[in-house]
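Asker: Residue strings, one per chain:
2 protein chains.
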Amino acid sequence: MQGKTIEILKKIPGFQDLKSDDLEKISKISTYKNLSKGTTIFFEGDLGEAVYFLKSGKVKIYKTTLDGREHIFNIVGSGDVFAEVTLFNNIPYPASTEVIEDAEVGVIKNRDLEKLIKENAEIALEIIKVFSKKLFESQQKVKELALGDTYARTAQTILKLSKENGIKTSEGIELKLDISRQELANMIGTARETVSRALSQFKKEGSIDLKGKKMTIKNMEKLRDWLD
Amino acid sequence: MQGKTIEILKKIPGFQDLKSDDLEKISKISTYKNLSKGTTIFFEGDLGEAVYFLKSGKVKIYKTTLDGREHIFNIVGSGDVFAEVTLFNNIPYPASTEVIEDAEVGVIKNRDLEKLIKENAEIALEIIKVFSKKLFESQQKVKELALGDTYARTAQTILKLSKENGIKTSEGIELKLDISRQELANMIGTARETVSRALSQFKKEGSIDLKGKKMTIKNMEKLRDWLD
DNA sequence: AAAATAAAATGACAAAAATCACATACCTTC
DNA sequence: GAAGGTATGTGATTTTTGTCATTTTATTTT
Chain V
37 MQGKTIEILK
47 KIPGFQDLKS
57 DDLEKISKIS
67 TYKNLSKGTT
77 IFFEGDLGEA
87 VYFLKSGKVK
97 IYKTTLDGRE
107 HIFNIVGSGD
117 VFAEVTLFNN
127 IPYPASTEVI
137 EDAEVGVIKN
147 RDLEKLIKEN
157 AEIALEIIKV
167 FSKKLFESQQ
177 KVKELALGDT
187 YARTAQTILK
197 LSKENGIKTS
207 EGIELKLDIS
217 RQELANMIGT
227 ARETVSRALS
237 QFKKEGSIDL
247 KGKKMTIKNM
257 EKLRDWLD
Chain C
37 MQGKTIEILK
47 KIPGFQDLKS
57 DDLEKISKIS
67 TYKNLSKGTT
77 IFFEGDLGEA
87 VYFLKSGKVK
97 IYKTTLDGRE
107 HIFNIVGSGD
117 VFAEVTLFNN
127 IPYPASTEVI
137 EDAEVGVIKN
147 RDLEKLIKEN
157 AEIALEIIKV
167 FSKKLFESQQ
177 KVKELALGDT
187 YARTAQTILK
197 LSKENGIKTS
207 EGIELKLDIS
217 RQELANMIGT
227 ARETVSRALS
237 QFKKEGSIDL
247 KGKKMTIKNM
257 EKLRDWLD
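Residue numbers (the working numbering), protein chains in the order written: chain V, 37 to 264; chain C, 37 to 264.
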């Protein structure tokens with residue numbers, strides 16, 4: 037198991053640069069869980085006790101309002117780290133997480149990782165990189181939400197998803213949307229109907245092809261024209 | 037100068053916990069600049085070479101679109117760190133910065149700080165805390181933008197500003213807005229007129245008092261009712 | 001302090017997006 | 001593969017927000 041763990045850790049952007057013995061140290065404090073679709077890993081408000089990383093599968097990170105509306109921050113996939121904001125903070129998880137595709141997750145108790153970081157500047161440095169990347173992405177999203185209209189944000193979101201999960205084919209970039217239109221809308225911060233209309237438009241103009249949950253980006257340039 | 041520097045560093049949330057000799061190390065690689073209102077410290081796209089912290093004054097962090105619209109991420113004040121995303125990243129600054137109130141800024145070259153972090157897990161840890169806080173705040177903002185309407189976001193923003201800069205008086209919390217309505221709108225992600233209308237509404241209902249740039253929050257609870 | 005200038009508030013209207021209503025497509029599961 | 005249920009697409013309508021025009025209020029200059 038240990039050796040395998042290291043292989044997983046190596047796939048995590050930001051951990052790639054660590055030396056083998058550092059990876060070894062991390063793997064020693066990690067435990068693993070196989071979680072099936074529909075499982076909630078933690079709810080917003082639960083006390084934040086661990087940091088997670090995904091070996092396989094997909095997990096949605098979201099927040100809900102009192103009146104039941106949902107915002108999906110991100111759909112994380114293989115190699116991604118999440119719940120990192122609770123490190124050194126002793127705060128409740130600021131968002132909830134649900135497995136949307138059977139997943140193997142690594143779990144590291146905050147206490148253990150904090151101890152490791154305190155003793156090991158190399159590891160601390162890689163954690164900083166993880167944070168830095170996340171912060172950059174989050175600020176990017178703030179800007180998009182503040183300045184872009186719904187079509188721009190829809191285009192932006194499917195471009196992002198295609199970058200993360202898309203497969204290059206002769207037709208273009210093929211993307212299996214493993215979320216509903218409603219959930220896609222909840223990622224974009226708009227209404228389900230608005231996403232439908234945007235996607236119809238993109239299809240009509242030939243930017244994408246769409247068959248249920250299978251999307252193909254046929255003309256990326258045309259899609260990019262929608263961005264601000 | 038050195039002793040004084042340490043006093044400044046101690047005011048930075050996240051650096052407070054550092055030992056004196058760690059602060060000493062940071063102060064040794066810091067330089068200082070007095071910048072007057074209107075000065076641009078760096079533009080979005082410039083190569084990111086340094087991290088900054090504010091001893092005094094105010095700096096606005098913003099992005100602009102090709103068609104000239106602006107989004108203000110934050111107005112940072114005394115004790116705040118900014119441009120931290122460029123650490124270990126060798127990326128251009130993702131936003132521009134302009135001094136909006138005469139400021140004394142500390143500058144640490146990325147190379148120097150990176151070296152220090154690599155050798156010193158304690159300092160790395162404090163940097164992680166800075167990132168963690170920023171990430172949390174950024175994600176909070178994403179949620180507000182995605183789920184809140186313009187009035188909710190306006191209330192949220194003035195509550196945030198009052199928390200950072202407000203002074204408690206017998207009348208309520210007094211806040212000197214050192215930005216224009218347009219800039220306030222650019223922070224909220226809406227139009228200048230919409231902010232005017234929201235503030236008028238808040239005034240009419242007795243939540244706030246407003247005389248030019250001087251605002252007093254008279255009824256915080258009532259204002260909070262606008263949040264989601 | 002008055003005049004000139006700039007910023008902000010307000011009303012009227014236009015545009016964008018949300019909501020509602022319903023038709024259509026698509027999964028299940030029997 | 002038919003029946004039922006759920007998800008999606010689309011038109012009509014309402015609501016929200018943005019834009020433009022104008023008045024009012026601040027701020028600066030003289």
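It should be emphasised that the hints constitute simulated quantities derived from the structure, not laboratory data. Since this is a predicted model, take the numbers as computed values, not measurements. Every residue, glycine too, gets a C-beta built ideally from N, C-alpha and C. Worth double-checking, as some hints may not be accurate.
Simulated restraints, written as ranges between beta carbons of each label pair [as the list claims (entries may be wrong)]:
#1 C:Thr75 x V:Arg233: 16 to 26 Å
#2 C:Asp138 x V:Ala227: 37 to 47 Å
#3 C:Lys151 x V:Lys46: 23 to 33 Å
#4 V:Glu207 x C:Ile65: 52 to 62 Å
#5 V:Asp138 x C:Asp264: 27 to 37 Å
Per the computed footprint, the stretches of chain V lying under chain C, defined by three or more beta-carbons under 8 Å from a beta-carbon of chain C, are [as the list claims (entries may be wrong)]:
#6 96–105
#7 115–129
#8 153–167
#9 174–184
Quick list of in silico lysine-lysine cross-link-like pairs, DSS-like style, CA-CA up to 27 Å [stated by the list, open to error]:
#10 C:Lys46 x V:Lys99
#11 V:Lys212 x V:Lys199
#12 C:Lys258 x C:Lys204
#13 C:Lys258 x V:Lys165
#14 C:Lys73 x V:Lys165
#15 V:Lys165 x C:Lys165
#16 C:Lys145 x V:Lys154
#17 C:Lys145 x V:Lys69
#18 V:Lys73 x V:Lys151
#19 C:Lys165 x V:Lys46
#20 C:Lys55 x C:Lys169
#21 C:Lys69 x C:Lys145
#22 V:Lys154 x V:Lys46
#23 V:Lys165 x C:Lys204
#24 C:Lys169 x V:Lys154
#25 V:Lys165 x V:Lys154
#26 C:Lys145 x C:Lys46
#27 V:Lys55 x C:Lys204
Asker: Are the hints correct? Go through all of them and say.
Answerer: Against the structure, the hints:
1. C:Thr75 x V:Arg233: 16 to 26 Å: violated, 45 Å
2. C:Asp138 x V:Ala227: 37 to 47 Å: holds, 46 Å
3. C:Lys151 x V:Lys46: 23 to 33 Å: Since Lys151 of chain C and Lys46 of chain V have Cβ atoms about 25 Å apart, the given range 23 to 33 Å holds.
4. V:Glu207 x C:Ile65: 52 to 62 Å: Holds - the Cβ-Cβ distance for Glu207 of chain V and Ile65 of chain C, about 53 Å, lies within 52 to 62 Å.
5. V:Asp138 x C:Asp264: 27 to 37 Å: holds, 33 Å
6. 96–105: holds (count 5)
7. 115–129: holds (count 6)
8. 153–167: holds (count 12)
9. 174–184: holds (count 9)
10. C:Lys46 x V:Lys99: violated, 34 Å
11. V:Lys212 x V:Lys199: holds, 12 Å
12. C:Lys258 x C:Lys204: holds, 17 Å
13. C:Lys258 x V:Lys165: Violated - the C-alpha atoms of Lys165 of chain V and Lys258 of chain C are around 41 Å apart, more than 27 Å.
14. C:Lys73 x V:Lys165: With Cα atoms ~33 Å apart, Lys73 of chain C and Lys165 of chain V exceed 27 Å; violated.
15. V:Lys165 x C:Lys165: With a Cα-Cα distance of about 13 Å, the restraint between Lys165 of chain V and Lys165 of chain C holds, given a limit of 27 Å.
16. C:Lys145 x V:Lys154: holds, 23 Å
17. C:Lys145 x V:Lys69: Measuring from Cα to Cα gives roughly 42 Å; hence the hint is violated.
18. V:Lys73 x V:Lys151: Given pair Lys73 of chain V, Lys151 of chain V is violated - Cα atoms ~32 Å apart, limit 27 Å.
19. C:Lys165 x V:Lys46: holds, 24 Å
20. C:Lys55 x C:Lys169: holds, 20 Å
21. C:Lys69 x C:Lys145: Holds, at about 13 Å.
22. V:Lys154 x V:Lys46: The given pair, whose Cα atoms are some 21 Å apart, holds under the 27 Å limit.
23. V:Lys165 x C:Lys204: Roughly 39 Å between the alpha carbons, so the hint for Lys165 of chain V and Lys204 of chain C is violated.
24. C:Lys169 x V:Lys154: holds, 18 Å
25. V:Lys165 x V:Lys154: holds, 16 Å
26. C:Lys145 x C:Lys46: The given pair, whose Cα atoms are some 19 Å apart, holds under the 27 Å limit.
27. V:Lys55 x C:Lys204: violated, 52 Å
Hint violations for this structure: numbers 1, 10, 13, 14, 17, 18, 23, 27, all remaining hints satisfied.
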